[in-house]
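*Asks:* Taken in order, these protein sequences are the chains called A and B.
Quick note: the first sequence uses the working numbering, first residue 1, plus one each step.
Quick note: the second sequence uses the working numbering, first residue 1, plus one each step.
Among the clues, some could well be false.
Footprint (simulated), chain B over chain A, 3 or more residues, beta carbon under 8 Å [stated by the list, open to error]: (1) 74-85; (2) 146-158.
If the Cβ cut is set under 8 Å, some of the chain A residues that face chain B in the computed set are [said to hold, decoys possible]: (3) Ile3; (4) Phe5; (5) Ser7; (6) Met8; (7) Phe9; (8) Met10; (9) Thr11; (10) Ser12; (11) Pro13; (12) Phe14.
Worth flagging that the hints you see were computed from the coordinates, not collected in a lab.
Just so you know, even glycine gets a beta-carbon here, dropped at the ideal spot from N, CA and C.
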Amino acid sequence: MRIPFLSMFMTSPFDGMQEHAEVVKDCAWVFQEAVECHISYKCSRFDSLRGDIIEMEREADSIKRRIRGHIPKGTIMPIDKFQLFRYLREQDSVLDSVEHALDWLSLRPDEKYPKEIQKDIFHLVEMVVDPIDELGNMIVEARKYFHNYKEKQRIIVKDIIRTLRLQEREADRVEHTIKAKIFSMDVDPITVYHVVKLAEIIGSIADHAENAGDMMRAMVAK
Amino acid sequence: MSAEYLILIIGFVFGFYMAWNIGANDVANSMASAVGAKAITIRQAVFIAGILNIVGATFIGSHVTNTIRKGIVSTEVMSDPHIALAGALAALLAAALWVSFATWRSLPVSTTHSIVGAMIGFGIMAGGISVINWGKLGAVVLSWVISPVFSLVIAFVMFKVIVRVILSRDAIFERSIRCSPYFIGITVFVVVLSFLFKTPLGKKFSISMPMALILSFLLAAVLGYIGKVLLRRYLVETESNGNGAEEVFRRIQIGTSCYVALAQGANDVANAIGPLAVIYFLVKTGTIGDKVPVPIFLLMFGGIGIALGIGMAGKRVMTTIGTKITTLTNTRGFSVDFAAATTVLLASKMGLPVSTTHAAVGGVLGVGLARGLEAVNFRIIFQIMIYWVLTVPASAITSMIVFKIIRIFY
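If we strip away everything but chain B, and leave its shape as in the complex, we get (with noise of 0.2 Å):
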């Protein structure tokens, strides 16, 4: 067997099990909420998010991958295919070895940054320090700023607005129905906008900006009449204790937190097998552009990769929210929700990586701002933000001597 062939299988086994990390760590994101809400239970939440993550990788995940990731270092580096295939090895193993680490100490570490660092390690050492794009690498680390920060704000004002409009009125349950039109509206409006622009799935119809709007408006008005319809038929009051906001948003966050994890599998699946779709097409073609095609039984492994840390570790993580996050009822947890999807929405519009973990801790603090909460930890935004600076160079120096190590051998 050849060395090209070793690294791939290498290159599938670790780009799996980077898909693997993100299923078991990352599901909190997308479905904490809900399962903290008991919006659904833990078994429902494990199905859920396994499926919407495998068809969000396969289906809306991205066909085309930049070969390093968001243009941070310069493509010089690959022109020679060899030192191509050596880098693409080298920052999977740098990353898989950070996520492990990660892992074993409890550190907040995101398979995103292990990834960035990593790729920008072996630039460094293949074409030295000028290759690094330093502007580019500036917006990104602005981001992991910016992104908390603004779905912290969409939370904070949406939980401001139920307390205003729905919580602090008479006759709560049936104001929550009067309103939910509103609420669902204003969902599905982010999330069509999202589908019709952040997928290429979308990108195929191509819809000018005016147009999508239009779209959009029209289908959250529909969309919302029909939901307030279905809840008024099939939702009655049970407690007259003011939880009849509760059971109307239990069933509109079902819908928010599926969007997360639909938005978490087509995003996040790139972290896993980029840079194994880089070695795939080096080992196919022997030569590499800019981009290169991602073919979509990759996406798919790398989907089914995630569903299986979903499945496997993923049950451990959601009975720790149950148990944990007894606070956050389904007001709460919409707020959170939409905070989230459409920071991942606006952010990716900007083509910053973000990961959806940056918006939910965001969307979190601003239900606890907003008086939401009973008990928030603040402080640990700041150690999160630490971690997540830190993987950078930290990835980057361990890609680095993963690179000389691969270099000795190939």
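Pulled out of the complex, with its shape left as it was, chain A reads as follows (with noise of 0.2 Å):
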């Protein structure tokens, strides 16, 4: 504190924000792996892919952390904190419901999916996957908007935030048809009870990316 000067410049929360898309990110392709590792039968890996997802949640939850511990009240930024704080809320969220989906499978390690079902699940994930990596790129691309203030960059993240809720409007979609679809088939309640809360649970990835699409929308309003 002895020169002014330095003690004004603070940790950038972006910085802290795109870290915590990148962990988010990463985590995408695990949760692939692990859904269709689980559903497959023919692999002995899912607990081990489970054990990343928590870790990956726990070092996503200390980034977030960090990033609220460190603006204190009287910080200047170009958006406001609450906004960041909402943002980043969602964006934890994504996580969030990534291990609980996970969570939810182990609790019936021998589950048997009705085939029919399964390429389903598979299409719900896949879809869920695309706006968790959108949210990566939507950072980057709305911290340029933070640096030149232009236009066309402000569009740029505003597709992205469309993209985002079409992919939302998606994902319910298939979510839907999983859960007309179990309801039809001759299978015993306690399957059709855990694959409707399953879509559920994948289904609501894309609505944290999508929230979190609306919380950056947010910043970026003139």
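Both chains come to you apart, so use the hints to assemble them.
*Replies:* Following this line, the structure appears as structure tokens:
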């Protein structure tokens, strides 16, 4: 503090947000692998993959806490502090939902999923992996916008947000298909409940990604 | 050896110490944005700041110093050379003590305030409360609030203009080059005006205001044009990702940083050698008036002290800047420098003892408020201001005690 000029500069929250998005992005592929592994029952790595996700979740949590803890009162940023917190909460919820989905899967280790439904679940997972990927890009592009305030750059960010919204809608549709299918099948009620809930949890990943996009939309508002 | 010469030697030692401190701590104000924005390397910054501080102190620094800075204390107390000598030494020692304490406890205390406070303390001891010119003191305290605010506004506006006319447009590089004469021009305009009005060297030319304005404008136009030609010739667009503006402003920013360093040497050297000049004059002539001449070797002595401070401790400060201030790009750095330089010019034109620190702090806040920086700690300004204000009574009391102790022996 001897040199006031230096004490005014703080660690940028954007660094942390980007780091957090990277962790979330990394988890997407592990998640996809874990679900495929569990459902195809030819794979014994599920527990270790789930362990990886739990570890990533913990790491992302600590990044989130670090960002929150390093924005004291009176910090000037190009964005509102509470918008940033809400954005971060949504981005973190993506990872929470991923972890939750794997938790749910692990409750029935020997579940036999009907063949017709397997493909749809894989499809749904694919549908939610893309928005997770987009989150990382969104931060990078938003950061560019906050550097040059160019309208073109703002449009790039807005396009990503729109993509997130469309992807969520698509995921919703697949989620609905899975639910409708399983109810019409002749399987035991426990399996029905397990699959319905699984589809809902996986679907919520895209919801959280979309919510993060909505918060970003508020941040880049003029 | 007589007591007077002993006092003179002590004066030299502590005057040098104060100068060293200015260099070690305040170098951040002039070079931080340039180093942070990677316009120059740490080594270059140390070298440039050192040289320019010596040049600024020696050739532009005030050759006449008010016996007590800015007339806050009535000069009646100086009528007895005996007391005046003890007082100047007490002020210097008290200020040095405060600066050391601040460095030890990491407090944002400026040398300007330490000296002002120490002089007030000695004045009260020697002549009572009535010698303090409260109106003047009030103006000084007010300037500590006004100058950061002023700098904040300039930086805010400058950054918004840069965003509006360059950053938010297409073909940024070409646009930056096309707009560069205006930015170079306005900087040159401020620099030339400040040189003509602020420096004793400039005052020797005794140019009238309208003439000075015309001269500054002409020089600004010519240098702005030359700058554009040089930029176009030597700068090639390397990246198309929007960094073109930063490349152009990096060149312009080197100039603004140099100006801040020069102004710093000229402006701040008096804090270190003002009381020393009084001691020197008293020992040499035995009398003192309202003002004393400052021999050029004393100015150079102060300048070298500042340069050594920069050389020895400045590198550590700059390294911190390089790693800590990563979000300050050249366009932002230019806005900060420009605001700081302009504020120093205008404040000193009004006769207010402004420090480059105030101006630089205000500039950073201005760019932050213009959404130019990813995170700036605004609350720190209040802490800084509290210390700015607290330093004065604190160093005044220290100075009183030191004065009493010196009077026991002398």
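*Asks:* If you count the residues of the segment 146-158 of chain A with a beta-carbon closer than 8 Å to a beta-carbon of chain B, do you get 3 or more?
*Replies:* This one holds; 7 residues, not fewer than the three required, reach chain B with a Cβ under 8 Å.
*Asks:* Should the hint that A/Met8 touches chain B count as held when the rule is a Cβ pair under 8 Å?
*Replies:* For A/Met8, the interface hint holds, since the closest Cβ of chain B sits about 5 Å away, which is under 8 Å.
*Asks:* Is the interface hint satisfied for A/Ile3? The criterion is a beta-carbon contact with chain B at less than 8 Å.
*Replies:* holds (5 Å)
*Asks:* Any CB of chain B closer than 8 Å to the CB of A/Ser7?
*Replies:* Holds, because the Cβ-Cβ distance from A/Ser7 to chain B comes to roughly 5 Å (cut-off 8 Å).
*Asks:* Per the CB criterion, is A/Met10 less than 8 Å away from chain B?
*Replies:* holds (4 Å)
*Asks:* Are there at least three residues in the segment 74-85 of chain A whose beta carbon sits under 8 Å from a beta carbon of chain B?
*Replies:* holds (count 5)
*Asks:* Have a go at the A/Pro13 hint: is there a Cβ in chain B nearer than 8 Å to its own Cβ?
*Replies:* At about 6 Å, which falls below the 8 Å cut-off, the nearest Cβ of chain B leaves the hint on A/Pro13 intact, so it holds.
*Asks:* Taking the closest Cβ pair, is A/Phe9 under 8 Å from chain B?
*Replies:* Since the shortest Cβ distance to chain B is 5 Å, the answer is holds.
*Asks:* Taking the least C-beta to C-beta distance, is A/Thr11 closer than 8 Å to chain B?
*Replies:* holds (7 Å)
*Asks:* Under 8 Å, Cβ to Cβ, is where A/Phe14 needs to be relative to chain B, so tell me if that hint holds or is violated.
*Replies:* Since chain B brings a Cβ to about 5 Å from A/Phe14, closer than 8 Å, the hint holds.
*Asks:* Quick check on A/Ser12 please, does its C-beta sit within 8 Å of some C-beta on chain B?
*Replies:* holds (4 Å)
*Asks:* So, as I understand it, the hint says A/Phe5 touches chain B; can you test that by seeing if any CB pair is closer than 8 Å?
*Replies:* Status holds, d = 5 Å.
The structure shown violates none of the earlier numbered hints.
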